[in-house]
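**Q** Here is how the chains run, residue by residue.
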Amino acid sequence: MSIRRIKVLMIEDDQDQIQLYGTKFRLEGYDFIFGNDGNDGLKLAKEQNPDIVLLDIMLYEEDGIEVLKKIKQDQKTKNIPVIIFSNLDKKEIVDKAFTLGAVDYIIKSKIVPSEIVEKVAEITKNKI
Amino acid sequence: MSNEKQNEKKEIGKDCYINRNCWLVNNLNSLPYKRCQYCELKFRKCLFLQYQVISIVLLSFSFILFYIIDRSISVSAIIIIFTLVIVYGYFFNNSTEKIIKSNFFEKKAKKSLKELSDNLEERVKEQTKDIQKKANRMMRLLKMRSEFLDIASHQLRTPTSVIKGTLAMLKEGDLENMSLAERAKFIDGMYKKSIKLEEIINNILMASEMDTDGDKAMALNDRIDLTELADKIIAQHSLDAQNKKLHLVWQKPDEPMILQGSLRYIEEAINNLLDNAIKYTNKGSVTTTLVKNKRKALLTIQDTGIGIPKEDQNKVFKKFIRAKNARNAYTDGSGLGLFIVKEIIYKHPGAKIRMESKENKGTKFNLEFILLDNIK
Chain A
3 MSIRRIKVLM IEDDQDQIQL YGTKFRLEGY DFIFGNDGND GLKLAKEQNP DIVLLDIMLY
63 EEDGIEVLKK IKQDQKTKNI PVIIFSNLDK KEIVDKAFTL GAVDYIIKSK IVPSEIVEKV
123 AEITKNKI
Chain B
2 MSNEKQNEKK EIGKDCYINR NCWLVNNLNS LPYKRCQYCE LKFRKCLFLQ YQVISIVLLS
62 FSFILFYIID RSISVSAIII IFTLVIVYGY FFNNSTEKII KSNFFEKKAK KSLKELSDNL
122 EERVKEQTKD IQKKANRMMR LLKMRSEFLD IASHQLRTPT SVIKGTLAML KEGDLENMSL
182 AERAKFIDGM YKKSIKLEEI INNILMASEM DTDGDKAMAL NDRIDLTELA DKIIAQHSLD
242 AQNKKLHLVW QKPDEPMILQ GSLRYIEEAI NNLLDNAIKY TNKGSVTTTL VKNKRKALLT
302 IQDTGIGIPK EDQNKVFKKF IRAKNARNAY TDGSGLGLFI VKEIIYKHPG AKIRMESKEN
362 KGTKFNLEFI LLDNIK
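In the order they appear, the protein sequences are chains A and B. Residue numbers in the first sequence follow the working numbering, run continuously in steps of one, and reach 130 at the last position. Residue numbers in the second sequence follow the working numbering, run continuously in steps of one, and reach 377 at the last position.
No lab work stands behind these hints: they were computed from the structure. Please note that a few of the clues may not be correct.
[To be verified] Listed below are the simulated SDA-like cross-link pairs for lysine to any residue, each with C-alpha atoms no more than 25 angstroms apart in a straight line: (1) LYS93/A <-> ILE202/B; (2) LYS325/B <-> GLU68/A; (3) LYS320/B <-> VAL96/A; (4) LYS121/A <-> GLU173/B; (5) LYS325/B <-> VAL114/A; (6) LYS193/B <-> GLY174/B.
Bear in mind the structure is a predicted one, so any value in this text is a computation, not a measurement.
Throw the hints in and build the complete structure from the sequences for me.
**A** Structure follows, in structure tokens:
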């Protein structure tokens, strides 16, 4: 029996970043799916049951914080760990994200793709 | 106005003042004594009148007394009594004047003191208001600054994170596991982000220049030939238009159009508008026309692009605001382009900018400048 692959859902509206992180996760042996906006992401979270969500804050149409709230309110998705993965470094937003149940808040420009892969591996290690 | 002036002249303390409370002054319609110009009392309360009444009473009493005691009134008694009355009268008259005058000046001083304190209170209130206003403005500026920093740092970090991430993967050997096509796409993505980064840095610097300059006038010392400038900028964009298979139309006028302004900034403004027109147009054309209308030059840049939704049309000239469909097309614009254009145009006296747009049909920008020959 092969080891189950961890499924990562990235909710992100910038195609270049989807390409960058998607390629890295796939190379490292992860299933990678993405949603281009909040609605798309929520739908995928419900239907695809990912092991972890990487959520951007400055999304097209909807604030990432709102999306986080909805993920945590829905019975189906509330147990999926959510990492806020954004370039917005604002204390109020960070505090709010943790209050709403985010497992981590990572600033994209401060890390390289292998580090976010490591972080995801650490959080999902007991899911394998 | 003249009525007011007259009333002012008739105020208490002035020569032509008539005390309307005093029966005597009112009937005479003139002042029997100099001191009456300082008096507000009723006639029956007049000090001098009281003196006179008392004098008459005392006079009668003295004569009656003399008559009872001596059974006759001697001439010497009459002389003594009248002398006393006259001497007292003289001194009393003088002191009455002093009393009335000092009353008046005391009252006046009290009044002006009250006015001063009222005024002072008002001035303190006014200044407090002013300080409050300034404090509010400062708070607003601080908030704006913090918002600016938040968004500016986000905008700068986004391309940085992609460039850094791609380079890190290159360094870690990830690219070797990719196909050639994938690798090319990766490198291209990084290159595009580095150009974006430069663009955002330039825009942020330019926008902060606009902000810090504030009301300070821009140095408008250049003599600019708009025809030549537009010609140059359009030529620089021909490759971008060609790559997107767009018709870049330029209806160049035969004559130069000279205006005075800042060459660097006007170039930036036209450049931004043309950049946007090409960026947000996927098929069709971008047409630039320049015509002279009496003393004005009218530059129009019209595209057949995605347009600006009605609800966003008022907002796109604000800092960091981008139309929804523009964000959808390009996630990483700085949101500063049109803000910069607007600021530049407004800093040129007489210059105007107008925008007409229809979603999915296109956008038209009109720039209007006053020509130099007519400024003189």
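**Q** Each hint needs a verdict: does it hold in this structure or not?
**A** Here's how the hints hold up against the structure:
Taking the CA atoms of LYS93/A and ILE202/B, the gap is about 24 angstroms. The hint holds against a cut of 25 angstroms. Between LYS325/B and GLU68/A the CA atoms are separated by roughly 18 angstroms; this keeps the pair inside 25 angstroms, and the hint holds. Under the criterion of a C-alpha separation no larger than 25 angstroms, the hint pairing LYS320/B with VAL96/A is consistent with the structure, at around 24 angstroms. In summary, the hint linking LYS121/A to GLU173/B is supported, as the alpha carbons are separated by about 17 angstroms, within the 25 angstroms threshold.
Pair hint LYS325/B plus VAL114/A does not hold up; C-alpha atoms about 30 angstroms apart against a cutoff of 25 angstroms. Simply put, LYS193/B and GLY174/B have alpha-carbon atoms about 22 angstroms apart, close enough for the 25 angstroms limit, and the pair holds.
In summary, the structure is inconsistent with hint 5 from the numbered list given earlier, while agreeing with all the others.
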